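Colleague: Sequence:
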Amino acid sequence: MKGNEQIFEALKAAREARGLSQRALAERVGLPQSHISKIERGGVDIQLSSLTELARALELELKLVPRKAVPAVESIIRQTSPTTLQDQQARVREALSKAITTADRLIEFDSSQALDQIRDSAHLLQHLPLPADRLNAIQEALEALRPIEHLSLDTNEPDDIRFVLDSPKVSASLKRAAQTLRNIRNRAAHHPEFNPAAQRPAYTLDEEDDHG
1 MKGNEQIFEA
11 LKAAREARGL
21 SQRALAERVG
31 LPQSHISKIE
41 RGGVDIQLSS
51 LTELARALEL
61 ELKLVPRKAV
71 PAVESIIRQT
81 SPTTLQDQQA
91 RVREALSKAI
101 TTADRLIEFD
111 SSQALDQIRD
121 SAHLLQHLPL
131 PADRLNAIQE
141 ALEALRPIEH
151 LSLDTNEPDD
161 IRFVLDSPKV
171 SASLKRAAQT
181 LRNIRNRAAH
191 HPEFNPAAQR
201 PAYTLDEEDD
211 HG
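In full-length UniProt numbering, the protein residues as written are 1 to 212.
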């Protein structure tokens with residue numbers, strides 16, 4: 001636990017040294033402000049992905065990271081470097097737009113709850129900050145649409161389209177994709193910028209720190 005306390009103290013010291021409020025740091029890394037406060041107090045188990053995002057945002061050295069986790073952290077840092085991250089986010093947003101178009105087109109032929117959910121989640125995710133550690137999951141979920149994205153272009157027969165969409169393999173794949181996107185959407189919606197409850201003044205959390 002002592003090692004973890006050193007990490008928490010270093011994160012807080014680095015944030016303060018750079019003149020960042022908890023809210024500003026939270027916006028940089030895509031975490032709720034309250035979560036930053038809990039991390040600094042040692043009141044929550046910090047995940048590797050969150051630690052990596054915080055360390056990168058604060059330009060901390062990898063010596064703060066447990067030795068056995070360094071290779072994984074270095075890999076994540078490379079994958080989330082500004083240029084690479086922006087490129088991947090752009091690709092994901094393009095894929096989300098394509099998914100909306102595909103779902104809209106197919107829903108005209110078959111009212112599918114999974115397609116409705118995929119379309120709605122994709123639409124909302126286009127307007128939310130995308131969690132850096134969930135970009136691959138979004139792309140993998142959208143792969144479920146690849147086999148059917150040209151379906152309505154290949155045939156205009158509603159029965160043929162419904163037959164494909166209702167097949168066990170396609171139906172199960174779409175349901176999994178809908179669930180994944182809904183979970184990621186809900187997480188992204190809790191970003192401080194879009195969650196009024198997380199937009200409390202930074203001093204209120206600092207006061208809690210003073211009393212904790």
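Hints may contain errors.
Unchecked claim - Dumping the calculated PhoX-like pairs for lysine-lysine here, alpha-carbon to alpha-carbon at most 25 Å:
{"no.": "1", "residue 1": "LYS38", "residue 2": "LYS12"}
{"no.": "2", "residue 1": "LYS98", "residue 2": "LYS169"}
{"no.": "3", "residue 1": "LYS12", "residue 2": "LYS98"}
Rather than coming from a laboratory, the hints here were simulated on the basis of the structure.
Being a predicted model, the structure only gives us computed values, none of them experimental.
Colleague: Now look at each hint and say whether the structure bears it out.
Modeller: For each hint, the structure was consulted:
A threshold of 25 Å between alpha carbons decides the hint, and for LYS38 with LYS12 the separation of about 11 Å falls inside it, so the pair holds. About 21 Å separates the Cα atoms of LYS98 and LYS169, which keeps this hinted pair within 25 Å; it holds. As the CA atoms of LYS12 and LYS98 are separated by approximately 41 Å, the hinted pair breaks the 25 Å bound.
In summary, the structure is inconsistent with hint 3 from the numbered list given earlier, while agreeing with all the others.
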